[in-house]
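J.: Sequence:
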Amino acid sequence: MMHIQVNGETKELSEGLSLAALVKQLELAPGRLACEVNLTVVRKNDYEGTILKDGDVVEIVQMIGGG
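Going by this note's numbering, the sequence shown opens with residue 3, and the numbers climb by one from there.
Don't take each hint at face value.
What the hints assert, rightly or not - Capping the alpha-carbon separation at 30 Å, the derived lysine-lysine pairs in DSBU-like fashion look like this: (1) Lys26 - Lys55; (2) Lys13 - Lys55; (3) Lys46 - Lys26; (4) Lys46 - Lys13.
Said to hold, decoys possible - Cβ pair distances, simulated, as ranges: (5) Met65 - Lys13: 19 to 29 Å; (6) Met3 - Gly67: 29 to 39 Å; (7) Met4 - Gly67: 15 to 25 Å; (8) Gly57 - Leu30: 16 to 26 Å; (9) Glu17 - Thr42: 32 to 42 Å; (10) Asn47 - Gly67: 34 to 44 Å; (11) Gly18 - Gly67: 27 to 37 Å; (12) Met3 - Gly68: 32 to 42 Å; (13) Leu41 - Ser20: 27 to 37 Å; (14) Asn40 - Glu14: 15 to 25 Å; (15) Gly68 - Met4: 31 to 41 Å; (16) Lys26 - Met3: 24 to 34 Å.
What the hints contain is simulated information worked out from the structure, not anything from laboratory work. C-beta atoms are modelled at their ideal positions from N, C-alpha and C, and glycine is treated no differently.
Construct the complete structure from the given sequences, taking the supplied hints into account.
T.: Encoded structure:
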């Protein structure tokens, strides 16, 4: 198991989890997100290949429409 921070909250997750898998696990729509891992913005095309490691800090911002 590994520990990462997601939006300031510590989570215990399986080793080798990709950013794409985390987004799916959190039940977020990947098309309306911006993700950052350790202060680096990750392009949507790179979510699957971005493997999270123990101690990583992930920030996820979800775009919400409205008016």
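J.: Hint by hint, note whether the structure agrees.
T.: Status of each hint after checking the structure:
| no. | hint | result |
| --- | --- | --- |
| 1 | Lys26 - Lys55 | holds (17 Å) |
| 2 | Lys13 - Lys55 | holds (12 Å) |
| 3 | Lys46 - Lys26 | holds (13 Å) |
| 4 | Lys46 - Lys13 | holds (22 Å) |
| 5 | Met65 - Lys13: 19 to 29 Å | holds (22 Å) |
| 6 | Met3 - Gly67: 29 to 39 Å | holds (36 Å) |
| 7 | Met4 - Gly67: 15 to 25 Å | violated (34 Å) |
| 8 | Gly57 - Leu30: 16 to 26 Å | holds (22 Å) |
| 9 | Glu17 - Thr42: 32 to 42 Å | violated (21 Å) |
| 10 | Asn47 - Gly67: 34 to 44 Å | violated (23 Å) |
| 11 | Gly18 - Gly67: 27 to 37 Å | holds (34 Å) |
| 12 | Met3 - Gly68: 32 to 42 Å | holds (38 Å) |
| 13 | Leu41 - Ser20: 27 to 37 Å | violated (19 Å) |
| 14 | Asn40 - Glu14: 15 to 25 Å | holds (18 Å) |
| 15 | Gly68 - Met4: 31 to 41 Å | holds (36 Å) |
| 16 | Lys26 - Met3: 24 to 34 Å | violated (19 Å) |
The structure does not agree with the numbered hints 7, 9, 10, 13, 16 stated previously, though it agrees with the rest.
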